[in-house]
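J.: Letter by letter, the chains look like this.
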Amino acid sequence: MTTTADRPEVLTPATPASSPARAPIEHLSIIVSKGTLDMAYPGLILGNAARMSGIDATLFFTFWGLDIITKKTIDHLHVATVGNPSMQVPTLLGGLPGMEAFATRMMKKEMDKLEIPPVREMIEILHDSGARLYACQMAMDMFKRRREDLVPQVDDVISAMDFFDKSAGAQVLFI
Amino acid sequence: MPTREYRGHLVSVNDEGFMTDSGQWTREVAEAIAEEVGLTPLGERHWQVIDFCRQDAAREGQPPGLRRISKLSGVAMKELYELFPKGPGKLAARLAGLPKPKGCI
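Protein chains in written order, with our numbering: chain A, 432 to 606; chain B, 5 to 109.
Just so you know, not all the hints are guaranteed correct.
Computed list of lysine-lysine pairs in DSBU-like fashion (alpha-carbon distance at most 30 Å, straight line) [claimed, not checked]:
no., chain 1, residue 1, chain 2, residue 2
1, A, 503, B, 75
2, A, 540, A, 503
3, B, 82, A, 502
4, A, 539, B, 104
5, B, 75, B, 104
6, B, 82, A, 465
7, B, 75, A, 502
8, B, 106, B, 90
9, B, 82, A, 540
10, A, 540, B, 106
11, A, 597, A, 540
12, A, 544, B, 104
13, B, 90, B, 104
14, A, 540, B, 104
15, A, 503, A, 544
16, A, 503, B, 90
17, A, 544, B, 106
18, A, 503, B, 82
19, A, 539, B, 75
20, A, 575, B, 106
21, A, 597, B, 82
22, A, 539, B, 106
23, B, 82, A, 544
24, B, 90, A, 597
25, A, 465, B, 106
26, A, 544, A, 502
No wet-lab data here; the hints were simulated from the structure.
Please put together the full structure from these sequences, using the hints given.
T.: Spelled out as structure tokens, the structure:
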């Protein structure tokens, strides 16, 4: 195991607490661009962890990320078994019928064991925590979705430029 | 291990200010920590959360995560954020004299 003693430190203990390098994160803005189960959770969990630590959180759902906040798809996100290099399954096998459903079931079971809530509940928790949830206008147009197709926890449908205005001073993360 | 004095009580804390011996906790200590983080006065609903966290930690051997608190303490998620605006995930445990919760939910 590596300990802090035998690897270089970015911040040395001598870095004063008042140094800008140690300034706490105050606002995290996450661009959620993928709609598979394995790519949806990281953004949702990070956003929630930020709020739990008292950090403002803004989530911008764009492209396939829209599936996470769309009524019809929110409960039916899948794990990608093809084109997902982290899957311990050869791509050819990943394409067989039933593989995706199987992998999705396995992942949901494991998450349940860890008491990680389903995506719909994660969105409710984020909303109740005060995180701001936005859908991307351009992606909405592209996928022909209307405001009423989205879950009610979504605060607004905005442009990418609006998103950057709302992210002033924030750390921006792309997933 | 640093030691801090809260209203005459000496308590051991870690670098982040979490108490390392929950046996040293008293309600007075909780009130003093609340003052330190700018959360005063503690009301009845704060105490409901703090008391739940202590009871749950005694049962489970670890501090409850925020989702667990919202489901079992009788204080819902939205109100938890109103009570502890600077981060209920960390603050509830810290005021209850418990370690920082390990979970992210």
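J.: Hints first: check each against the structure and report whether it holds.
T.: Hint-by-hint comparison with the structure:
| no. | hint | in the structure |
| --- | --- | --- |
| 1 | A:503 <-> B:75 | holds, 26 Å |
| 2 | A:540 <-> A:503 | holds, 22 Å |
| 3 | B:82 <-> A:502 | holds, 22 Å |
| 4 | A:539 <-> B:104 | holds, 27 Å |
| 5 | B:75 <-> B:104 | holds, 19 Å |
| 6 | B:82 <-> A:465 | holds, 28 Å |
| 7 | B:75 <-> A:502 | holds, 24 Å |
| 8 | B:106 <-> B:90 | holds, 18 Å |
| 9 | B:82 <-> A:540 | holds, 28 Å |
| 10 | A:540 <-> B:106 | holds, 20 Å |
| 11 | A:597 <-> A:540 | violated, 36 Å |
| 12 | A:544 <-> B:104 | holds, 21 Å |
| 13 | B:90 <-> B:104 | holds, 15 Å |
| 14 | A:540 <-> B:104 | holds, 26 Å |
| 15 | A:503 <-> A:544 | holds, 26 Å |
| 16 | A:503 <-> B:90 | violated, 35 Å |
| 17 | A:544 <-> B:106 | holds, 15 Å |
| 18 | A:503 <-> B:82 | holds, 26 Å |
| 19 | A:539 <-> B:75 | holds, 20 Å |
| 20 | A:575 <-> B:106 | violated, 41 Å |
| 21 | A:597 <-> B:82 | holds, 22 Å |
| 22 | A:539 <-> B:106 | holds, 21 Å |
| 23 | B:82 <-> A:544 | holds, 25 Å |
| 24 | B:90 <-> A:597 | holds, 20 Å |
| 25 | A:465 <-> B:106 | holds, 27 Å |
| 26 | A:544 <-> A:502 | holds, 25 Å |
When held up to the earlier numbered hints, the structure conflicts with 11, 16 and 20 and fits the remainder.
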